[in-house]
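Undergrad: So the sequences go chain by chain: A and B.
Counting with my numbering, you get residues 1 to 770 for the letters of the first sequence.
Counting with my numbering, you get residues 1 to 159 for the letters of the second sequence.
Hints were generated in silico from the structure; no laboratory data involved.
Any given hint could turn out to be false.
Straight-line alpha carbon distances no greater than 20 angstroms define the calculated EDC-like cross-link-like pairs of lysine to aspartate or glutamate that follow [what the hints assert, rightly or not]:
id : chain 1 : residue 1 : chain 2 : residue 2
1  : A       : Lys37     : B       : Glu78
2  : B       : Lys3      : A       : Glu122
3  : A       : Lys37     : B       : Asp32
4  : B       : Lys86     : A       : Asp501
5  : B       : Lys3      : A       : Asp119
6  : A       : Lys425    : A       : Asp382
7  : A       : Lys263    : A       : Asp227
8  : A       : Lys425    : A       : Glu377
9  : A       : Lys68     : A       : Glu127
10 : A       : Lys550    : A       : Asp501
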Amino acid sequence: MTENGKTPSPSLIGASVPQVTARAKVTGAAQYVADMKMAGMLHAKILRSPYPHARIVGIDTSRARVVKGVRLVVTGEDVPERRWGVIKKDQHILARDKVRFVGQEVAAVVAIDENTAIDALELIHVEYEQLPAVFDPASALEPGAPEIHDGTGNLAWEVRIDRGDVEAGFKRAAAVYEATYDMPYQYPGYMEPMGTIAAPDGSGRLTIWAPVQSIFSARARLCDALDLSPSKIRVIQTVTGGGFGGKVTEDSNTVIAGFLALKARRPVRLINNRLEDFLSAHSSVPARVWLKMGLAKDGEILAKESSIIADNGAYTGLATSVTYVTAMRTDSMHRLQNVRTHARLAYTNKIPSGAFRGMGLQQMAFPLNSHIAMLAEMIGMDPVDVHLRNAIRTGETSVHGWHMGSVGLSECLIRARDGIGWKDKYQRRQSQGARRRGVGIGAAIHVSGNRARDDWEGASVIVRVNEDGRIVLITGESDIGQGSQTVLSQICAHELGIPIDHVTVAAPDTDSAPFSIGSISSRVTTVAGNAAIRASRLAREKLLAVVSQKLEVASADLVIEDGFIHVVGARDHGMSIADAARHHIFRSGGEGIYAHATFDAPSVVPDKNFYGNVSTAYSFAATAVEVEVDTQTGQVRIVDSLAVDDCGKALNPLAVHGQTNGATAQGIAWALYEKLEFQDGQLINGNFADYTLPTADSLPHLRSGIVESNDPNGPYGAKGASETAVAPPAGAIANAIYDAIGIRFNTLPIKPEDVLKALQNQGASGKSNA
Amino acid sequence: MEKHSIDVIVNGDDYTLEVPARRLLADFLRDDLGLTGTKRGCETGICGACTVSVDGKAVKSCIMLAIQARDKQVLTIEGLSDRDGKLHPLQQSFIERGGLQCGFCTPGFIMTAYVFLAQVPSPREEDIRAALTGNLCRCTGYVGIVESILAAAEKMSGS
Numbered sequence: 001m002t003e004n005g006k007t008p009s010p011s012l013i014g015a016s017v018p019q020v021t022a023r024a025k026v027t028g029a030a031q032y033v034a035d036m037k038m039a040g041m042l043h044a045k046i047l048r049s050p051y052p053h054a055r056i057v058g059i060d061t062s063r064a065r066v067v068k069g070v071r072l073v074v075t076g077e078d079v080p081e082r083r084w085g086v087i088k089k090d091q092h093i094l095a096r097d098k099v100r101f102v103g104q105e106v107a108a109v110v111a112i113d114e115n116t117a118i119d120a121l122e123l124i125h126v127e128y129e130q131l132p133a134v135f136d137p138a139s140a141l142e143p144g145a146p147e148i149h150d151g152t153g154n155l156a157w158e159v160r161i162d163r164g165d166v167e168a169g170f171k172r173a174a175a176v177y178e179a180t181y182d183m184p185y186q187y188p189g190y191m192e193p194m195g196t197i198a199a200p201d202g203s204g205r206l207t208i209w210a211p212v213q214s215i216f217s218a219r220a221r222l223c224d225a226l227d228l229s230p231s232k233i234r235v236i237q238t239v240t241g242g243g244f245g246g247k248v249t250e251d252s253n254t255v256i257a258g259f260l261a262l263k264a265r266r267p268v269r270l271i272n273n274r275l276e277d278f279l280s281a282h283s284s285v286p287a288r289v290w291l292k293m294g295l296a297k298d299g300e301i302l303a304k305e306s307s308i309i310a311d312n313g314a315y316t317g318l319a320t321s322v323t324y325v326t327a328m329r330t331d332s333m334h335r336l337q338n339v340r341t342h343a344r345l346a347y348t349n350k351i352p353s354g355a356f357r358g359m360g361l362q363q364m365a366f367p368l369n370s371h372i373a374m375l376a377e378m379i380g381m382d383p384v385d386v387h388l389r390n391a392i393r394t395g396e397t398s399v400h401g402w403h404m405g406s407v408g409l410s411e412c413l414i415r416a417r418d419g420i421g422w423k424d425k426y427q428r429r430q431s432q433g434a435r436r437r438g439v440g441i442g443a444a445i446h447v448s449g450n451r452a453r454d455d456w457e458g459a460s461v462i463v464r465v466n467e468d469g470r471i472v473l474i475t476g477e478s479d480i481g482q483g484s485q486t487v488l489s490q491i492c493a494h495e496l497g498i499p500i501d502h503v504t505v506a507a508p509d510t511d512s513a514p515f516s517i518g519s520i521s522s523r524v525t526t527v528a529g530n531a532a533i534r535a536s537r538l539a540r541e542k543l544l545a546v547v548s549q550k551l552e553v554a555s556a557d558l559v560i561e562d563g564f565i566h567v568v569g570a571r572d573h574g575m576s577i578a579d580a581a582r583h584h585i586f587r588s589g590g591e592g593i594y595a596h597a598t599f600d601a602p603s604v605v606p607d608k609n610f611y612g613n614v615s616t617a618y619s620f621a622a623t624a625v626e627v628e629v630d631t632q633t634g635q636v637r638i639v640d641s642l643a644v645d646d647c648g649k650a651l652n653p654l655a656v657h658g659q660t661n662g663a664t665a666q667g668i669a670w671a672l673y674e675k676l677e678f679q680d681g682q683l684i685n686g687n688f689a690d691y692t693l694p695t696a697d698s699l700p701h702l703r704s705g706i707v708e709s710n711d712p713n714g715p716y717g718a719k720g721a722s723e724t725a726v727a728p729p730a731g732a733i734a735n736a737i738y739d740a741i742g743i744r745f746n747t748l749p750i751k752p753e754d755v756l757k758a759l760q761n762q763g764a765s766g767k768s769n770a
Numbered sequence: 001m002e003k004h005s006i007d008v009i010v011n012g013d014d015y016t017l018e019v020p021a022r023r024l025l026a027d028f029l030r031d032d033l034g035l036t037g038t039k040r041g042c043e044t045g046i047c048g049a050c051t052v053s054v055d056g057k058a059v060k061s062c063i064m065l066a067i068q069a070r071d072k073q074v075l076t077i078e079g080l081s082d083r084d085g086k087l088h089p090l091q092q093s094f095i096e097r098g099g100l101q102c103g104f105c106t107p108g109f110i111m112t113a114y115v116f117l118a119q120v121p122s123p124r125e126e127d128i129r130a131a132l133t134g135n136l137c138r139c140t141g142y143v144g145i146v147e148s149i150l151a152a153a154e155k156m157s158g159s
């Protein structure tokens with residue numbers, strides 16, 4: 001029953017509890033930002049640049065201003081002159097002097113309804129003087145390229161990391177392989193387009209309702225852009241229809257809406273349409289990666305060298321951090337000693353890139369997993385064995401100083417391999433018919449929180465006990481659909497011995513929530529989960545103290561069962577949580593039970609050479625796929641996919657499987673379907689008809705498995721489970737295609753026309769060789 | 001702009017309203033009737049978040065005019081549970097089987113499935129996948145959605 005006064009019923013931890021938000025979502029009751037209305041609310045629309053690079057000679061807004069129903073028209077001349085930006089101060093709220101990509105915000109109209117605003121936009125006349133533009137990041141870095149931001153040479157960021165002796169490693173290698181990989185922009189594709197309602201309160205304060213991944217970083221962006229102090233801005237997170245990184249550093253919609261509301265002195269609503277969302281969301285960072293690796297005869301990776309050119313687009317979101325991740329993260333998956341990388345991030349006249357689920361991990365996982373398959377073939381080893389030969393282990397410290405508290409990588413690899421039927425399928429090339437099958441595997445490592453910029457990577461949770469015994473859990477950590485409200489509720493209910501529906505998680509609000517970092521780098525379950533345990537235990541102690549005093553028994557002799565606090569072994573000797581909470585209020589001068597706890601990750605800020613243990617814990621995943629290549633059409637079909645995720649203790653397997661399957665679908669889509677296409681800098685597929693997200697009939701029944709390598713730092717052993725699985729599919733698919741038809745694809749997405757062309761070339765060269 | 005008077009039944013309630021000719025059914029439901037469970041995700045009839053039932057057919061309400069619903073019966077997600085709040089088996093399954101995460105696409109998927117199951121009460125998985133091609137989900141990889149619909153179909157044909 002109980003031991004040392006600890007709460008029993010472990011049933012909620014590890015249980016497949018439905019999302020606590022689910023009922024509201026299936027009935028249509030959940031209020032997303034576009035569903036909200038306010039008295040006196042006005043509607044805004046944005047005029048965007050039609051040119052990739054041009055000087056703004058003049059803007060005539062006079063005709064738009066006199067349209068009936070128009071309340072405000074603003075241009076870059078009205079916004080703060082000072083530049084702002086999360087990492088680099090390189091942008092204005094609306095373009096001043098110059099535009100740098102097609103779609104950049106140039107002017108805005110605020111009107112009584114959206115249609116009036118749209119009509120008025122057409123009456124704004126902007127005179128542009130076009131400038132030479134550059135779209136390819138490598139060309140942008142060449143001398144003489146058009147300079148997008150003065151004095152930068154189009155270099156937004158650069159990093160070099162060099163550890164061990166790469167040259168010596170290559171010298172010892174039995175096989176060395178090098179290749180260049182190209183990866184495109186992937187649009188986050190959350191189903192809820194970004195939107196904001198901004199309302200001034202009449203006393204100089206501004207309230208923002210928006211689906212953001214972090215309320216406090218949103219507030220920081222608004223402060224920076226609008227030149228206001230934090231106390232002037234309140235950010236409330238609305239129910240969020242997906243984020244996938246795109247709502248981490250959202251730097252256009254929220255900021256423009258806030259600016260317009262202050263100018264108009266009225267509530268302003270700004271909702272992106274889908275094209276606007278394609279143009280203003282930060283898609284994933286496109287990268288060209290040259291990779292060279294050397295293997296010993298026994299499969300040991302002796303050296304890895306890479307050179308990365310990444311595409312920042314016209315302004316800097318979080319692409320610097322993404323490029324940093326690409327440069328080094330996968331290195332810690334293996335027991336490497338000799339690694340060298342040089343990564344450059346270039347400005348181009350295209351849409352800004354930035355955070356996307358995986359945060360740059362996949363831009364190296366695809367090359368790396370492809371490379372391992374090729375090198376394995378060169379030395380005559382199974383690629384899974386090469387991974388296993390090099391897989392890092394629990395207790396080890398990686399080449400970049402990451403300490404591994406728990407590692408389930410080998411088990412992930414073995415289960416993915418066996419589950420796909422590897423032994424019977426790999427290198428069989430049985431069919432010489434029109435449809436050929438092959439298998440491939442990929443693996444990845446991810447963080448659970450990433451201490452990158454600040455010397456704090458913590459989270460705080462407040463547990464408030466209402467006088468009816470129900471809990472309000474207050475935190476700034478945001479649920480963006482992944483289910484963090486559910487997991488925090490599970491933890492709280494488990495610790496207090498109450499049903500989960502006695503816990504409500506309040507909407508994150510910068511006025512009332514403790515400071516928080518938000519839903520980034522798979523940190524909420526691990527970091528905020530630990531804070532929730534502490535806050536719940538503190539609330540429990542306070543409750544027991546009340547009962548202890550009232551009944552004159554020691555706290556240690558009390559337990560909580562089903563919301564009732566009683567003496568061990570005497571169910572009728574005690575009082576309900578509700579009575580205890582009420583009693584506390586009236587005996588403590590009106591002070592309710594209010595437990596605030598914080599947890600800081602046991603990680604460090606990496607040193608100036610990027611060495612140091614950045615995260616609380618590290619997650620792993622391996623994905624094996626079987627593909628069928630139709631040699632008549634070039635179409636690649638995923639026949640089967642099994643992703644096995646080491647997320648430590650799976651606090652909610654239903655949620656974990658959901659995360660793994662969703663991430664796998666995104667990874668498959670990046671490999672086969674999705675790419676932002678540009679013509680002279682103009683996005684030409686900014687809609688869901690031309691930019692093809694996978695549909696239910698284009699994917700197999702994705703399978704997912706869980707490895708629980710419980711981590712000493714995680715809450716009950718849990719690690720991040722949201723991102724790792726996005727990274728392995730591309731390499732696994734490219735490897736499976738190679739296994740099927742003997743052709744290696746290094747450019748994503750792998751489209752049917754490319755497969756057909758390669759097959760034709762293979763046929764032609766095959767004949768000439770014969 | 002010219003306005004037209006329409007009679008329409010939405011979720012069992014009769015409405016007579018004046019609507020501008022260009023008013024889309026999705027906007028009519030959301031802005032005029034306050035039924036915001038019907039979502040707008042793409043404005044081009046691709047994502048399916050705005051799917052509702054019109055006279056028993058699944059319709060993308062973002063590419064249909066409100067006046068085209070004149071004298072018709074419209075059912076939205078708000079009308080699926082009964083008046084006492086008892087959930088439809090589809091809604092219950094989506095909750096229990098991980099048929100949703102962020103929830104934005106959920107009303108559209110449930111309405112598509114509702115119309116589909118009326119036509120095909122005992123579908124196979126591939127039938128369901130084919131029936132869902134007009135709805136996009138970015139969170140689930142469709143696994144939870146397909147399983148939810150299979151479970152609901154079983155429950156509905158069993159009862």
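Undergrad: Against each hint, give a clear statement of whether it holds in the structure.
TA: Here is how each hint holds up against the structure:
Only pairs whose Cα atoms come within 20 angstroms are accepted, and Lys37(A) paired with Glu78(B) is accepted, the gap being roughly 18 angstroms. Our distance criterion of 20 angstroms between C-alpha atoms is broken by Lys3(B) and Glu122(A), whose separation comes to about 24 angstroms. Simply put, Lys37(A) and Asp32(B) have alpha-carbon atoms about 12 angstroms apart, close enough for the 20 angstroms limit, and the pair holds. At roughly 18 angstroms between alpha-carbon atoms, Lys86(B) and Asp501(A) fall within 20 angstroms of each other, so this suggested pair holds.
Taken as a hint, the Lys3(B) and Asp119(A) pair is honoured in the structure, with Cα atoms around 19 angstroms apart against an allowance of 20 angstroms. Of the pairs offered as hints, the one joining Lys425(A) and Asp382(A) holds, with about 12 angstroms between alpha carbons and a cut-off of 20 angstroms not exceeded. Taking the CA atoms of Lys263(A) and Asp227(A), the gap is about 14 angstroms. The hint holds against a cut of 20 angstroms. A C-alpha spacing of about 15 angstroms is found between Lys425(A) and Glu377(A), which places the hinted pair at or below 20 angstroms, so the restraint holds.
For the hint linking Lys68(A) to Glu127(A), the alpha-carbon distance of about 24 angstroms lies beyond 20 angstroms, and the restraint is violated. Among the hinted pairs, Lys550(A) with Asp501(A) is inconsistent with the structure: their alpha-carbon atoms are about 28 angstroms apart, more than 20 angstroms.
The structure is inconsistent with the numbered hints 2, 9, 10, although it conforms to all the rest.
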